Amino acid sequence: SQQGEEDPQALSIQEGENATMNCSYKTSINNLQWYRQNSGRGLVHLILIRSNEREKHSGRLRVTLDTSKKSSSLLITASRAADTASYFCATDAGSQGNLIFGKGTKLSVKP
Amino acid sequence: DSGVTQTPKHLITATGQRVTLRCSPRSGDLSVYWYQQSLDQGLQFLIQYYNGEERAKGNILERFSAQQFPDLHSELNLSSLELGDSALYFCASSVGGGREGNQPQHFGDGTRLSIL
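From first to last, the protein sequence lines stand for chains A and Y. Under the working numbering, the first residue of the first sequence is numbered 1, with each subsequent residue one higher. Under the working numbering, the first residue of the second sequence is numbered 1001, with each subsequent residue one higher.
None of these hints come from the bench; they were simulated from the model. Computed from a prediction, not measured in an experiment: that's the story for all the values here. Certain hints may be false.
To be verified - Partial pick of chain A residues on the chain Y-facing surface, computed with a CB cut under 8 Å:
id : residue
1  : A10
2  : Q33
3  : L43
4  : L48
5  : Q96
6  : F101
7  : K103
Built from N, CA and C at the ideal position, the CB exists for glycine as well.
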């Protein structure tokens, strides 16, 4: 079963705009990760946020985590055409500590 | 480049056949994971090996099996293939073998399996 559910399923924006993607999950977690997948390629790890952290930054990426609402958001500022990809959240809520991935948000950044 | 190598990139075969997918993890990583990605099911965890031993098992069918060799490369064997097995199969690796949600995973570019 899916633990993380990303919202929206698809997002189309213009270059330079900010993109916000949300992830909701069902059970308690120790940490949450975000990954990017370019078409036809493997997933690339972006950022990991622990359950005792509320916000984390990496370059143009900002991730927040609200454990009381069981949700996280990924903000990409000043988006570029190269940011076009699918973005997945993953939680460590698997029964054996394995990662469970959501179905992703497909982001399209138009030049 | 993630450092994880998967071969072959594409595989086309027929129902009932058997195939082997191969993965070389990133240098220094002891854990290998296998995932299946399809449009309807998303990314599904299949199995994890750590330093040659099975560590965690997910939604892996009995027709599928995997192993990790002493040089840490891994193989995923898929047998009695069905049309529904058509998917992208990814291998990922990480350094440790504990609660792996605490570590980033590094993904290969996958093997696209098409069953005709």
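These are the hints, each one checked on the structure:
no.: 1; hint: A10; result: 14 Å, violated
no.: 2; hint: Q33; result: 7 Å, holds
no.: 3; hint: L43; result: 4 Å, holds
no.: 4; hint: L48; result: 6 Å, holds
no.: 5; hint: Q96; result: 4 Å, holds
no.: 6; hint: F101; result: 4 Å, holds
no.: 7; hint: K103; result: 4 Å, holds
Hint 1 from the earlier list is the only one contradicted by this structure; the remaining hints agree with it.
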